[in-house]
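**Q** Residues per chain, in single letters:
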Amino acid sequence: MRPRSSSRSAPMRRCVRGFTLAAVVGGVMLFALAPRVASATAMYGPHPQVGTGSSMAPHAPVEVPVSPELKKVLEGLLCQCGCNLDAYQCQQTMTCDVSTAMWDQAALMVDQEGKTPEQALEAFAADYGEYVLAAPMKRGFNLVAWVLPFTALGLGAVVLAIALRRLRPRALAPAGDTATQVDQRYLDQLERELREDG
Amino acid sequence: MTGIGRLALVLALGSATWSAVVGFIGARRGLRAATRTAEGGLRAAAFALSVAAFALFYALVTRDFSLEYVASYTSRSLSLFYTLGAFWAGQAGSLLLWAWVLALYGAVVLRQNRIRNRDLMPYVVSVIAVVLAFFTFLVVFLSNPFTSSGVTPADGAGLNPLLQNYGQWIHPVTLYAGYVGFTVPFAFAVAALATGNLGDVWIRTVRKWSLWSWLLLTVGVMFGARWAYVELGWGGFWGWDPVENASLLPWLTGTAYLHSVMIQEKRGMLKVWNVFLIVATFALSIFGTFLTRSGVISSVHSFSESSIGPFLILAVAVIVLGSGALIVWRLPELRGDDRIDAFVSRESSFLLNNLILLGMAFTVFWGTVFPLVAEAVRGVKVSVGGPFFEGMMTPLAVALLALAGLCPLLAWRKASARNVRRNFKGPAIAGALGAVGLLLLSRGRHLGADVVLAMSIFVAATIVQEFWRGLRARRSTRGESWGRSFVNLFSRNPRRYGGYLIHLGVVILLTGVAINASYKVEKRLSAVAVGQSAQVGGYTVTFEDMQTEDTPERSTVIGFFRIRDADGKDLGVVRSEKSFYATQEQPSTEVGIRSTPMADIYIILTTPDVQKRIAAVSYLINPGMYWVWLGGLVVVAGGVIVGWPQRRRREEPREVLDATEELVAVGTDA
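Taken in sequence, the protein lines are chains A and B.
In terms of this note's numbering, the first sequence opens at residue 1 and continues consecutively.
In terms of this note's numbering, the second sequence opens at residue 1 and continues consecutively.
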């Protein structure tokens, strides 16, 4: 016979089943996510620094997600730690706190707030000043930076064209075919050599 | 030795100043005795600076920490290799190197011109002596490597970890040797302007000086790029840093000069332009030193900032204004018998080449100084970095590449329609076929790279065609074997075929750059445990082990990575390091590179955790890098062939070489 108490334990069993299920699911989730959690708390870049997380090693290397948009933003930002590299490059080699913060901020803007790279760069310029941008914005006085080299090149081309026109004699002397001139020189050379050999 | 070093510097300054003043008086009044005295002064300065340089080497090797310079850049544990290289690790030593190399160059110029160019030499000596006196003044009064420490420390601060690379012995030295070398063509240009001897004599005299200076600058720039690639550890090789740009500026104008001077030699044209280019190249060399040393624009080379900037920018102003005034004064005589016979000719294509090179130089200059301009105009700080320069320079580089293929195929004076058809048919077909093939392969996803690669095929085909015609011409006229003909092409006409080799090097280099820019693969891993593998770009990289090495100066974590290709073939183990220095805030990176013609596997150990045996690592597959360095080597090889001293061959006089050259150029050999 089953003890009487068993009927009273039905809610308890449901409770135990629930806890068991929750424990299994939680365990599986923890098991699956543990490496990410460990790495996210342990490693570099947009995440906190070494040595603060779980001692459990990940089962597979954990890749840092870098969307093309995020990369574009990071490559458009000059790290402010004094390394003179862009934020993406600095993270790759120096991993300073400044570029880490910039990475986090850029990821927030692009991946979560859905800003375009241009909007994100604008927001950075508003926060840090224009100096943070790796290239000047194409507006206002900064346009001079972008336009002047090609303007100078265009002017140079015009000057060159005028110079070529002016340097070209109006009526060409009968210069003859260059090839013919060279042929003559070559024949002269051959004759000289034959004389020397002879 | 320290006292001897100090005394030698003072004597060098006195000798150089004496040489400059007396040389100028001798030049103006035509006093031969004064000129000889000035030459003696220059030799004395060279000797005194050599003594000072050896004194500094001695102080470095003996760890004489009573000298501030030695205490700042060396330490007892620093190897002899880097201890000697610390000579130019700081500003004082670098300036001494500048002055020393210039003084030695001056002595060589005196030796070369004992008999010839006696009309130009008084001014040449004066100009070299003025430049030498200026740099020696900076060394003696503003940045003296023999300055006492005050209190002698027990040990020195050591060398900046970034400078502890074999490149320390090549990059700064060759760069300086190139910068300084342009003083000699500049001195001859000023002498030609001052004396009115504006013919080809000075141009021919400085031909080798210009070429070797350019070549040394090329080596310096290439090694700088290589250094950045292996030491800075961001996976790239050119960051458009202001100081990198500073080295590129004289290189670009120097390249323009080396092309345009050929027109003056062949046709007696462009005298004003060539003088302008020489002056610009020298002024930009000093400007480069100013950018490196002034710290006026932030740079990764900020370890070399100081207060001598105003003196250097003043020197640039004097050079530009003084030379400009001389050019204007001589303008009527410089304007000579300039005649362009046809728009389609080698002369006009060289002019176009000059336009693009100057356009590139102006773009680099403008981008580099724009932060200063913007701050002056708007009071707002801006930065100009990679995105600006890459966007602006890429189309210009492609145009220059195209001209590298076009120029050599056009005849001097006038390229006839027949000449154009004959010379361009083959390469144009090769380029077009290449373009179609590349587009099919890439499916239009890398259009930029496809354009560059198709252009490279075209240029390479023109070069191959030129070699083929040269070989055939030699075989038919001389009956030589293929091998003998090939060697003789270089030995009998090094300038022409060495030049082609330089173009081929540029083609290879740009091909590598284009492939790298378009096909790079990156994988950033925030956590890799020892023993774990990752797939990247068809390779499997296994993090096999992590070890530490501790020295009194630094603690180094070394990661060992085994690489296997797609077929599982073991490509070996690469080590990547991170060093933490007691005296440095930022750690230093030593990337692991496995280089193959297909791609470099580039491993950066970003953040290691030794206790947990886990690390953040970046894996990069960098295709084309092998070709970048190979291209640089080919450029240098071509430059050495062109610049190698030649004995005139009696059996094959110059005019005969010229005739054969033109014969090949117009394609009449078939």
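Rather than coming from a laboratory, the hints here were simulated on the basis of the structure.
In this text the structure is predicted, and so the values were computed from the model without any measurement.
Among the hints, erroneous ones may be present.
Take a look, some chain B residues computed to stay more than 12 Å from chain A by CB distance [to be verified]:
#	residue
1	Lys523
2	Ala616
3	Val640
In silico DSS-like pairs for lysine-lysine, Cα to Cα no more than 25 Å straight-line [said to hold, decoys possible]:
#	chain 1	residue 1	chain 2	residue 2
4	A	Lys72	B	Lys569
5	B	Lys612	A	Lys71
6	A	Lys115	B	Lys266
7	A	Lys71	B	Lys569
8	A	Lys138	B	Lys612
9	A	Lys115	A	Lys138
10	B	Lys523	B	Lys425
11	A	Lys72	B	Lys523
12	B	Lys569	B	Lys523
By construction, the Cβ of each residue, glycine as well, lies at the ideal position given by its N, Cα and C atoms.
**Q** Please list, smallest to largest, the hint numbers that this structure does not respect.
**A** 1, 2, 4, 5, 6, 7, 8, 10
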